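Position chain B against the provided structure of chain A, taking the given hints into account.
There are 2 protein chains.
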Amino acid sequence: AEYQNEEWWKWTLSAIIGVVMGFVAFVVDGLVDKLNSFRFGMAMRLVVGDGENQDASKFYAYISSLFVTCCLAAVAGGLVSYVEPLAAGSGIPELKTYLNGVHLKGLLRLKTLLAKLGGVAFSIGAGLIAGKEGPFVHGGGLVGGGLCSFGSHSLGFKTRRPNHFRNDRDKRDFVAIGTATGVAVAFGAPIGGMLFTVEEGTSFYNSSMLWRGFLATCVGVLTSHWLEQLDFDATDFARAKFGTHRDFGLYTDDEANYSKQYWWYFWEVPIFAMIGCLGGYIGALFVNLNVRVTAWRAKYIPVNDKFRRFLEVIAVAALTFTVMFVFMAASPCLEIPAPLRDGHTNLANELDRFEYGEASKEEIRTDFFSKMYCPEGYYSSYGQLFFVPLSQSFKFLLHLGEVGENGQAHEFLFRFDLLVFYFLAMFSLMTVTYGVGAPTGLFVPSLAVGSAMGQICGRIVNSVSGWILTDVQIDLHAYAVIGAAASLGGATRMTISITVLVMETTGSMQLIIPLMLTIFCAKAVGDRFSHGIYDTHIKIRGAPFLEEPELAGPAGDKLRVNEVMAKTMITIKPRMRVRDLIGILASNDHGAFPVTENPPTKPGEPFELHGTITRNRLLKMITHRIGFFDGNPESRPADVYGYTTAKDRDDLLDKLKQIPFKSPHVAEVAASLSSVEMDSAWIDVSRLMQRHPFITHADARVSRAYRIFRTMGLRHLYVTPDKPLVVGVMTRKDVIQENTSLTLGEKAERIMAER
Amino acid sequence: AEYQNEEWWKWTLSAIIGVVMGFVAFVVDGLVDKLNSFRFGMAMRLVVGDGENQDASKFYAYISSLFVTCCLAAVAGGLVSYVEPLAAGSGIPELKTYLNGVHLKGLLRLKTLLAKLGGVAFSIGAGLIAGKEGPFVHGGGLVGGGLCSFGSHSLGFKTRRPNHFRNDRDKRDFVAIGTATGVAVAFGAPIGGMLFTVEEGTSFYNSSMLWRGFLATCVGVLTSHWLEQLDFDATDFARAKFGTHRDFGLYTDDEANYSKQYWWYFWEVPIFAMIGCLGGYIGALFVNLNVRVTAWRAKYIPVNDKFRRFLEVIAVAALTFTVMFVFMAASPCLEIPAPLRDGHTNLANELDRFEYGEASKEEIRTDFFSKMYCPEGYYSSYGQLFFVPLSQSFKFLLHLGEVGENGQAHEFLFRFDLLVFYFLAMFSLMTVTYGVGAPTGLFVPSLAVGSAMGQICGRIVNSVSGWILTDVQIDLHAYAVIGAAASLGGATRMTISITVLVMETTGSMQLIIPLMLTIFCAKAVGDRFSHGIYDTHIKIRGAPFLEEPELAGPAGDKLRVNEVMAKTMITIKPRMRVRDLIGILASNDHGAFPVTENPPTKPGEPFELHGTITRNRLLKMITHRIGFFDGNPESRPADVYGYTTAKDRDDLLDKLKQIPFKSPHVAEVAASLSSVEMDSAWIDVSRLMQRHPFITHADARVSRAYRIFRTMGLRHLYVTPDKPLVVGVMTRKDVIQENTSLTLGEKAERIMAER
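Going down the list, the sequences are from chains A and B. 1 is the number of the first residue of the first sequence in our numbering; add one for each residue after it. 1 is the number of the first residue of the second sequence in our numbering; add one for each residue after it.
Hints are not guaranteed to be accurate.
Chain copies aren't distinguished; within one or between two, either way the pair holds.
Keeping only pairs whose Cα atoms sit at most 20 Å apart, straight-line, the calculated EDC-like set for lysine to aspartate or glutamate is [as the list claims (entries may be wrong)]:
| # | residue 1 | residue 2 |
| --- | --- | --- |
| 1 | LYS723 | GLU605 |
| 2 | LYS567 | ASP236 |
| 3 | LYS602 | GLU634 |
| 4 | LYS10 | ASP170 |
| 5 | LYS539 | ASP527 |
| 6 | LYS747 | ASP722 |
| 7 | LYS573 | ASP589 |
Worth flagging that the hints you see were computed from the coordinates, not collected in a lab. On a predicted model such as this, the values are computed, not experimentally measured, just so you know.
The following block holds chain A by itself, in its conformation from the complex (with noise of 0.2 Å):
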């Protein structure tokens, strides 16, 4: 009954999950809008209401606009600074780290939930080039965790007893789910999020784990659709038409025409690789840039120097703004599109394909062909991308540029100094705002990146084809589609979740052979370079993330786990004197220690294993005096023996997490201790080590260790004799559910006799 309960309530639980995020992102979408028009509200009335005394009133526009833009900039680094640090940069990192098993303190704090959707929606408000995608992963991450936990505690799953290894495997599901759930609600993607943790997370190990994935990413996305239908229209909710939104369309969902919109031809296979392979270098370009930023900001804008950070944020939110200005003052005016003139006839035959529906040429004018400080008649063509939010702009980039079916309508098409302008000066913003105080996602900022340099390399190839296949009109917008997802895969070196994210968002499920094609060179080209940006930042961070090198071929399976394993290991003894534990820590730099009472006398010697323990927790040890005790073989330290509540639990195994994850040196720990404790302390660590490492067969295959090493994620295996004592055998139906349920049923019978 417990075990039905239990399964009931995940299912149920990652539907909640789906409707709270769902609800997030229709409230986070719901702000950026605010703050977005808002600020180019006020932006735009300043520039376009006042066409009389232009210097003096562009010098007004920009300062007053500035001013705002740097308020809410203010807003989302004090949320950063002063509020949780943790909510800076895009959080996939660190979700990242959490997947692979490594737990960072306050990462899933409502605190910390708050401050990074909140202060992503002034992030985007105040202009940084900002995506909301990161931190809705970050945030997915948080509700996954937080209402697993509140499920263990309000269902009383959590286990009684305090048990210092308690298998946390429960709520890192549910974190995968929930962050699955942000990529989807962010993007409208429901596969492409799910993949997004499958890729990164490699969290979904069985397909009903993968199953209640995909539920709470559809019930997400559904529930956001809803909500924005009610938003929109409350009283036609029963007769409006659901189809899958998607964020980066220009069109309303069940208007779009997508199919029409994408083609390509056989010959185009190799341009989409080389465009890839630009990718893949553009991509590698930002990591190495960044890079170097980073460093620079350690070292003049530490993280623990709050108010530069905070000015930082501003400065850089100043900075952007002053560039979009600049070019949207500087603009050349290009004549407003014959369709859309005043007196055109043709509006509705030639703008079908747009379909604008109602909206008057006057409000298409304004919405989409602005025209800033151009005169009457003109619209602005660098404001047009520059002077606009990010999102727009790249919606812009993907769909305004288009051509017709049969060649014509070439009104639209952006100017080519235009678009290498902004691919320049995105570019360059994109590498100075990531690891900004402020919390910021990389993807759409990398993808309006690589749809303006998809567009310069369609613009190219119609140029150079024009002279060939004279009849041939190639897709300009499907190159921005293949260039977005050519620049995301050599950012951030994902695969086949950037290929179906990119096809789900802009609904060109036609492209999907070459997308995947693109993505595979940007990878491979990029991974030459550089590592992607997420994992480089983990490294930078010094997090002990889990690479994954590749192991294959005939190596693994023509050796053997004894021919590889290290035969000379440094033992540690259950109670022993601090000084000698310190002076074992001093003598070598090994990670993890075997416990035993009679370490072996020479390599190779089989002893008996009582558990293990790394060095780092040794380290806290010492540090925190955890443990110790007088060396009298009756004692038994009260601290790890005697605690009685599941607060003093937690205390204790506060003081023992793995922050920060470098380890302090053994010299450093040493010199804390007093002479008399260094003298006559003695430590007990039998209760705080790992009690059942893994354990693999001498005989066994190396490619057989290197399995369990992937799959159970682990950093240390111990290998038996070749012929290893057994004392019981486990089958299958050892370990069912209703074997395992009675088994546990007589234990607890038992526990109870016992009392």
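For chain B alone, coordinates are given in the frame of chain A:
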């Protein structure tokens, strides 16, 4: 260098698998088309061509067409019965068994490939209620496995020295990739194909593997598109636009207009869920009926009675044709829809959304509204669905009944009674056909049945909703898609892969969330009544398929391995009298035995584990007198110690293969031994036992043991004492590529030096 080389080869091979499967799909599709148009063309000429003397002509048409049908069926049946029995059925159960770790002899032979793929063309050509998808899965596996073996032979990756437990994981990987590619090319669905193998094969355990699979599926789909385009119009290849080919779509690729075609309302969500439940019921009914049919078949048409099995195929084909012909002949006649009538001027607009393009009304009428036995100006209502190839009628169900966006155009609605008849007839025929001695896939039949079910439900909902929301127009072909997914989900119990497959093939991206919900319900309901059809057939065959019981929750974390393990084990010695061994085998029904020189004297006492050997292998050894010797301590039985060539080894392993799955009974085996053998023969199992079984720590949590069982695909797991002896430790460093290659190099040098 060897590693680099091999890695490169793995990627290349994946791409080659894609190319080959693309070719295969193109060829088989072409053959199916040819056979279909031959058979239906002939029948149509007989039916339509001669208007006079109807009754005689009907009989003549029936008999002649039946003859052709039976001839085609005879080819399909003959290929199975007289060429390769393993070509029967869909092949998915066999592949699933293989991917889960059980080798079936002959499953991966070239002969099987030809019989399967040639056979399925004739099965479909003969009008059996069958699809090509299952056989394509098998075909893909064959191609993957075949190319892999070829590669490993020709590039010298094969280990030179005979090795009993050679890890064939590499081969399995390629079979999995091939399987995914098979699904992908059959459906034109690269993501769905990959997810199919992830879900059914549980074989993609890392993202590099996943990525290679994706490469293969994409290349496969790409190749088949290009070939089709070349076949269609080679001269215009450079100008051909490519998009996702949709096998189930009614339209050609780039003309399609899908996003206008599917929509849904929020209140339809519970209705979709109910359709899912219905699909689950119907799927379970199908499975249970099919089990009875299979039992009946096993009794009266055993697999080894080739002739009866051959006749059955012909009989089923004749029955199917008769049903279809009778419905067609008895069909009510309906007037041709107004826009298609001669003299109707508005053709272009009305049919715009069908994109028939240049086709004349005459052609459209012949192709889609055939008059058959109806008078001029009318078309055969039943014949439209019954007297066309199955995949064609499925397309009609998905698209022909569609309602325009503004609710007009009910002209193309099917008659309600036709839908019901079609559903019942196809369901019955599908139940009878699955398991017949010809290559038959289940996907298309199940989808067709389901889409009829969906249309029926949609029509009912339409009537009801018409009373309440008069101005709301539901989307009938969204119901057809949902119904199709529900039916397939109910029959196969796949989840994610069906969602994506259906989405990709119908282009119904908008329906992903309803689809997911529907399939979720279908699986949940279906699982209450039966296993999936594939698992059921795997069980019927008695293959040792590893069911995946769900272990979760408190029991796994609260129990230790030593609380659930079996402490009493029956051990055998490495060398023992045959008589004693038979005694042990007869005394219990354990599936495997630990091998040790010194058996424990009481339960739970540690003993040295030399290895483990299965009952099946022991029985095979006794049956074939393998490892027999005279009991002299110095003797080494030559058959297991003495062979020198790879062929000797292969012959030996062949004898030990797990075919048939069910072990012979020990009494039978014992009876085959002469009394001399019984008295004096000894057996040496030490060379043929598994020498390094998986082991775990007695103190570990049961949840860990469960994960090891799951991820390593084990049946037994040995348990060490709670303070096990160890001789070494491995770290991640020891398993990364560079280090193992180095060690391997040293080992090779050492071996050379010793010679």
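To see whether the hints hold, each was checked on the structure:
1. In this homomeric assembly, LYS723 and GLU605 come within 20 Å of each other (Cα to Cα) both inside a single copy, at 13 Å, and across copies, at 15 Å.
2. Neither within a single protomer nor between protomers do LYS567 and ASP236 lie at most 20 Å apart by alpha-carbon distance, with minima of 74 Å and 68 Å respectively.
3. In this homomeric assembly, LYS602 and GLU634 never come within 20 Å of each other (Cα to Cα): the closest approach is 31 Å inside a single copy and 33 Å across copies.
4. Only within a single protomer do LYS10 and ASP170 lie at most 20 Å apart by alpha-carbon distance; the minimum there is 9 Å, versus 36 Å between protomers.
5. When the C-alpha separation of LYS539 and ASP527 is checked against a cutoff of 20 Å, the pair qualifies only within one copy, where the shortest distance is 15 Å, while the shortest distance between copies is 46 Å.
6. Proximity of LYS747 and ASP722 under a CA criterion of 20 Å is satisfied inter-copy only: 19 Å between copies versus 34 Å inside one chain copy.
7. Taking identical chains as interchangeable, the C-alpha atoms of LYS573 and ASP589 lie at most 20 Å apart only when both belong to the same chain, with a minimum of 18 Å there against 44 Å between chains.
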